[in-house]
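There are 2 protein chains.
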Amino acid sequence: MREQNREMAEGILFTDFYQLTMSQVYFRLGVHERTVQFDHFFRRYPDYGNHQAGYCINAGMETLVEWMEGVRFGGPQLDYLRSLEDTGGRALFAADFLDWLARCGDFGALHIAAIPEGRVVHPNVPLTAVQGPLAMAQIIETALLNILNYQTLIATKAARIFESGLGQPMLEFGLRRAQGGGGNGGTRAALIGGAGFSSNTGMSAVMGVAPKGTHAHSLVQLCMALGIGEEGAFEAYADTYPDDTTLLVDTIDTLESGVPNAIRVFEKLRRKGRRPVGIRLDSGDQAFLAIQAAKMLDEAGFEDTSIVLSSDLDELVIWQILTQIAQEAPRYGLDADKIIKRLVYGVGTRLITSWGEPALGGVYKLVAVQDGGAWESAIKISETPAKTPNPGIKRAWRLYDQRGKATADLLTLSDEAPGVGQGMILRHPSDHTKFRRLREGEISRVEPLHADVIGAGGRTQAVPSLEEMRAQRARDVELLDPGIRRLVNPHIYHVSLSEKLWDLKQELIAEARGNLRNEV
Amino acid sequence: MREQNREMAEGILFTDFYQLTMSQVYFRLGVHERTVQFDHFFRRYPDYGNHQAGYCINAGMETLVEWMEGVRFGGPQLDYLRSLEDTGGRALFAADFLDWLARCGDFGALHIAAIPEGRVVHPNVPLTAVQGPLAMAQIIETALLNILNYQTLIATKAARIFESGLGQPMLEFGLRRAQGGGGNGGTRAALIGGAGFSSNTGMSAVMGVAPKGTHAHSLVQLCMALGIGEEGAFEAYADTYPDDTTLLVDTIDTLESGVPNAIRVFEKLRRKGRRPVGIRLDSGDQAFLAIQAAKMLDEAGFEDTSIVLSSDLDELVIWQILTQIAQEAPRYGLDADKIIKRLVYGVGTRLITSWGEPALGGVYKLVAVQDGGAWESAIKISETPAKTPNPGIKRAWRLYDQRGKATADLLTLSDEAPGVGQGMILRHPSDHTKFRRLREGEISRVEPLHADVIGAGGRTQAVPSLEEMRAQRARDVELLDPGIRRLVNPHIYHVSLSEKLWDLKQELIAEARGNLRNEV
Numbered sequence: 025m026r027e028q029n030r031e032m033a034e035g036i037l038f039t040d041f042y043q044l045t046m047s048q049v050y051f052r053l054g055v056h057e058r059t060v061q062f063d064h065f066f067r068r069y070p071d072y073g074n075h076q077a078g079y080c081i082n083a084g085m086e087t088l089v090e091w092m093e094g095v096r097f098g099g100p101q102l103d104y105l106r107s108l109e110d111t112g113g114r115a116l117f118a119a120d121f122l123d124w125l126a127r128c129g130d131f132g133a134l135h136i137a138a139i140p141e142g143r144v145v146h147p148n149v150p151l152t153a154v155q156g157p158l159a160m161a162q163i164i165e166t167a168l169l170n171i172l173n174y175q176t177l178i179a180t181k182a183a184r185i186f187e188s189g190l191g192q193p194m195l196e197f198g199l200r201r202a203q204g205g206g207g208n209g210g211t212r213a214a215l216i217g218g219a220g221f222s223s224n225t226g227m228s229a230v231m232g233v234a235p236k237g238t239h240a241h242s243l244v245q246l247c248m249a250l251g252i253g254e255e256g257a258f259e260a261y262a263d264t265y266p267d268d269t270t271l272l273v274d275t276i277d278t279l280e281s282g283v284p285n286a287i288r289v290f291e292k293l294r295r296k297g298r299r300p301v302g303i304r305l306d307s308g309d310q311a312f313l314a315i316q317a318a319k320m321l322d323e324a325g326f327e328d329t330s331i332v333l334s335s336d337l338d339e340l341v342i343w344q345i346l347t348q349i350a351q352e353a354p355r356y357g358l359d360a361d362k363i364i365k366r367l368v369y370g371v372g373t374r375l376i377t378s379w380g381e382p383a384l385g386g387v388y389k390l391v392a393v394q395d396g397g398a399w400e401s402a403i404k405i406s407e408t409p410a411k412t413p414n415p416g417i418k419r420a421w422r423l424y425d426q427r428g429k430a431t432a433d434l435l436t437l438s439d440e441a442p443g444v445g446q447g448m449i450l451r452h453p454s455d456h457t458k459f460r461r462l463r464e465g466e467i468s469r470v471e472p473l474h475a476d477v478i479g480a481g482g483r484t485q486a487v488p489s490l491e492e493m494r495a496q497r498a499r500d501v502e503l504l505d506p507g508i509r510r511l512v513n514p515h516i517y518h519v520s521l522s523e524k525l526w527d528l529k530q531e532l533i534a535e536a537r538g539n540l541r542n543e544v
Numbered sequence: 025m026r027e028q029n030r031e032m033a034e035g036i037l038f039t040d041f042y043q044l045t046m047s048q049v050y051f052r053l054g055v056h057e058r059t060v061q062f063d064h065f066f067r068r069y070p071d072y073g074n075h076q077a078g079y080c081i082n083a084g085m086e087t088l089v090e091w092m093e094g095v096r097f098g099g100p101q102l103d104y105l106r107s108l109e110d111t112g113g114r115a116l117f118a119a120d121f122l123d124w125l126a127r128c129g130d131f132g133a134l135h136i137a138a139i140p141e142g143r144v145v146h147p148n149v150p151l152t153a154v155q156g157p158l159a160m161a162q163i164i165e166t167a168l169l170n171i172l173n174y175q176t177l178i179a180t181k182a183a184r185i186f187e188s189g190l191g192q193p194m195l196e197f198g199l200r201r202a203q204g205g206g207g208n209g210g211t212r213a214a215l216i217g218g219a220g221f222s223s224n225t226g227m228s229a230v231m232g233v234a235p236k237g238t239h240a241h242s243l244v245q246l247c248m249a250l251g252i253g254e255e256g257a258f259e260a261y262a263d264t265y266p267d268d269t270t271l272l273v274d275t276i277d278t279l280e281s282g283v284p285n286a287i288r289v290f291e292k293l294r295r296k297g298r299r300p301v302g303i304r305l306d307s308g309d310q311a312f313l314a315i316q317a318a319k320m321l322d323e324a325g326f327e328d329t330s331i332v333l334s335s336d337l338d339e340l341v342i343w344q345i346l347t348q349i350a351q352e353a354p355r356y357g358l359d360a361d362k363i364i365k366r367l368v369y370g371v372g373t374r375l376i377t378s379w380g381e382p383a384l385g386g387v388y389k390l391v392a393v394q395d396g397g398a399w400e401s402a403i404k405i406s407e408t409p410a411k412t413p414n415p416g417i418k419r420a421w422r423l424y425d426q427r428g429k430a431t432a433d434l435l436t437l438s439d440e441a442p443g444v445g446q447g448m449i450l451r452h453p454s455d456h457t458k459f460r461r462l463r464e465g466e467i468s469r470v471e472p473l474h475a476d477v478i479g480a481g482g483r484t485q486a487v488p489s490l491e492e493m494r495a496q497r498a499r500d501v502e503l504l505d506p507g508i509r510r511l512v513n514p515h516i517y518h519v520s521l522s523e524k525l526w527d528l529k530q531e532l533i534a535e536a537r538g539n540l541r542n543e544v
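Top to bottom, those sequences are chains G and C.
Take 25 as the starting number for the first sequence in my numbering and just add one per residue.
Take 25 as the starting number for the second sequence in my numbering and just add one per residue.
Source of the hints: derived by calculation from the structure; they are not laboratory data.
Honestly, I wouldn't trust all of these hints.
Because identical chains share one entry, a pair is satisfied inside a single copy or across any pair of copies.
Straight-line distance between alpha carbons at most 16 Å, and here's what the computed EDC-like set of lysine to aspartate or glutamate pairs gives [said to hold, decoys possible]:
1) 296 with 259
2) 411 with 306
3) 411 with 336
4) 365 with 327
5) 365 with 322
Please construct the entire structure, taking both the sequences and the accompanying hints into account.
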């Protein structure tokens, strides 16, 4: 995009127009600098149709913070807003409001507390809490949802696909099927969520991870057109990368042409004292072809070479492939586990788009407004009780049981602090008939989930490294009950309210409904 | 993103790593500057599960060309590539190859011919043909697919949603559910495909379209917390935008609170001589609520106000809503058509993600290689015959029947030119039993589909305006048979090969298979 266009499209105007029209209303009401809190949370796990997530992996905050730090209402944005007219032909935005934006139109006054990236997260628990002047806390909504929803969606999908592969390496290959430059955020999230590496060269550079890739069908096609054929293509590749030779074997016919040619080239490498890395299968019956290719490679003495699979994979397809290998390999006299241990998964479209559920419905809701130093809780009623947000300034905790497994996330008022070993009532967020009584001693550990990200003085913590986020994700997934990790029909993890928070919520609902009855 | 990171992640390294490793192999073979042609096409229309597209709308070229013009292998990219090591610890990219990239590593030598943006397009017809030096034509693949696939996917979805709304205005509201900054391309494509306006402020500025939006639930919530309630919120909005007042009426209770409060505020506007614009419904039974709200608005004398619907809409949901309104409105003594004519659709998640099929499987295949001035056709065989690309340098034509409707797209060799009125055989691209015989006089018009976009000297045509692209889309859709436009189970549009092209394809397949047989 041309520079002046980029300034408009990727700067602070990367927002829904109503954030700006609302902000001017706040300005007219004189409340644009009132301190408020918005909570960002999602209401349900991704449901991919025939399989469902039982947990999500939080991601995106560092991308958001970088964006926030780099944008503000400057000359070009203000000139544009000044040019807009209402239906009556008058300026839509008044000079005094634009002056305020020119002076105060950046995100420097916002405080953000959030659950760290890489952590396991659940519905209705605020992933992010934004506090600050109303107008700017409103204007950030669109970018915040855009960045955090997408990266959390993809980190979650990556974690599932990685789990389905039983710990074998998983590579992210989806850039060509992503939404323009947005795919870079997807690569980042995939690397946090479970992908070991990515084919996305630029984003791998940014993330400090070696980019991965082999070759495409076009290399083989080209060599066929040049008259040196598939074997010639493989040989040229092996000559160039003698220590990194992975060959794509399905351009003509996998078992009749690709694998035999690859083996011939591998033999030449072996004679030169080199170790071939592997082959890639990109079409056909992946389990059957993996077994047959493994057999041919074994017979040629290449038992250590990898087999990269890369044909529309996702967690269910990988599960199916592994099941089929387990069933069929013994018929060919092969050890299924040995085949599975040499597999590598190249995952493209279905990871980068979160196929089946391509958006996380994360929302950003006003939960409190300061009034003379005290917080007034805000509510939005919904005809679907589960959609009524949990009001007020809250804290979020993770409770671990005596096995050390995470057993519930608990939302409390800000002055509550649940203690280890203490008995308590956990209320369902919207169903008054559902609650759970924790006996004394049932809880072995209580962990606060939020950490400050930025305060008035800027960042309040160092940027976490990719390795830290990955380690956090691995630890958190390990602490889930196996039922929650199930790929299909997972158990429901408990997200609960403290009794005090439950009471506040009921009070506010009654009040809003009461006002309604009086009005009608 | 920080500037140095942006240079890496959004510049020429916005590509799959194998494009670079392959290019070095081409360099070693001495064919990196050989002139080749790649075709970009998709193999099937989007299938959204319970509904399917019968045509696509082409989009994205201008975004791609801007990207191509702005990137090259410069210092930071070359330094990065120089730093990469192979498994043996040696430099992965050799100095001579990097020197070549430093000298020739931009897209200035590529020629592109394409079907213009906004045109109706069909499977297997090259949307884009890229000619130029092999290495750079290879390296552009990822960005080309990323940009063109996504925008074509979204322009297609927008066209369908617009069609389902029977010509009523459709607004694109999806930025918060898009993939990061990639959503900007989605906004652009939606505006080409059928959205009248967008809430995406920055991208609306770039596209020269007024951004649209009203207010969110938070405005009402805030005013409730301030003690001035929903009516106070509406009044503040109307005071600020007396000629542009559209009010969101579902924060508390649509029919009990929202609509009555909106009507009270509309009455005040009327007394001041202003015309209220409308209301927005964002939850619940949209058809039922639209009927009831219309009745209430009519009774208060606001028959001209719009009703904006915006709750997880897509083409099927809109179709369902319109059907329900047609059935139920008469029961309440209302004219269904009058209600339908006041509807406006705000479409978010399901448009910007192309819900149901969130990626277009467009591919980029090598079809010809120059050898001493003559073109050698290239082929890739697939076990699925429909996946074998059509080889060689081709031309694409649209044939119109005596009604003036488009009846088939025809691919021919580059020296063929089908004439009006001429009889001919249209071959199915992969099934040898299927062909269609056009009688003399059956075809009333033959239209070439490709136009040059960039040649050696840069752009060969002016950038088309949004209005031109939209007009093209409207004309093309109008020229489709109604069966092709059907939202569910559309007729299959014919895409055919000339006999000469069919013969070439069979010859190349036989040759590749023949070589295979000889080898085995």
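Hint by hint, here is what the structure shows:
| no. | hint | verdict |
| --- | --- | --- |
| 1 | 296 with 259 | within (13 Å within a copy, 82 Å between copies) |
| 2 | 411 with 306 | between (43 Å within a copy, 13 Å between copies) |
| 3 | 411 with 336 | between (35 Å within a copy, 15 Å between copies) |
| 4 | 365 with 327 | within (11 Å within a copy, 69 Å between copies) |
| 5 | 365 with 322 | within (14 Å within a copy, 69 Å between copies) |
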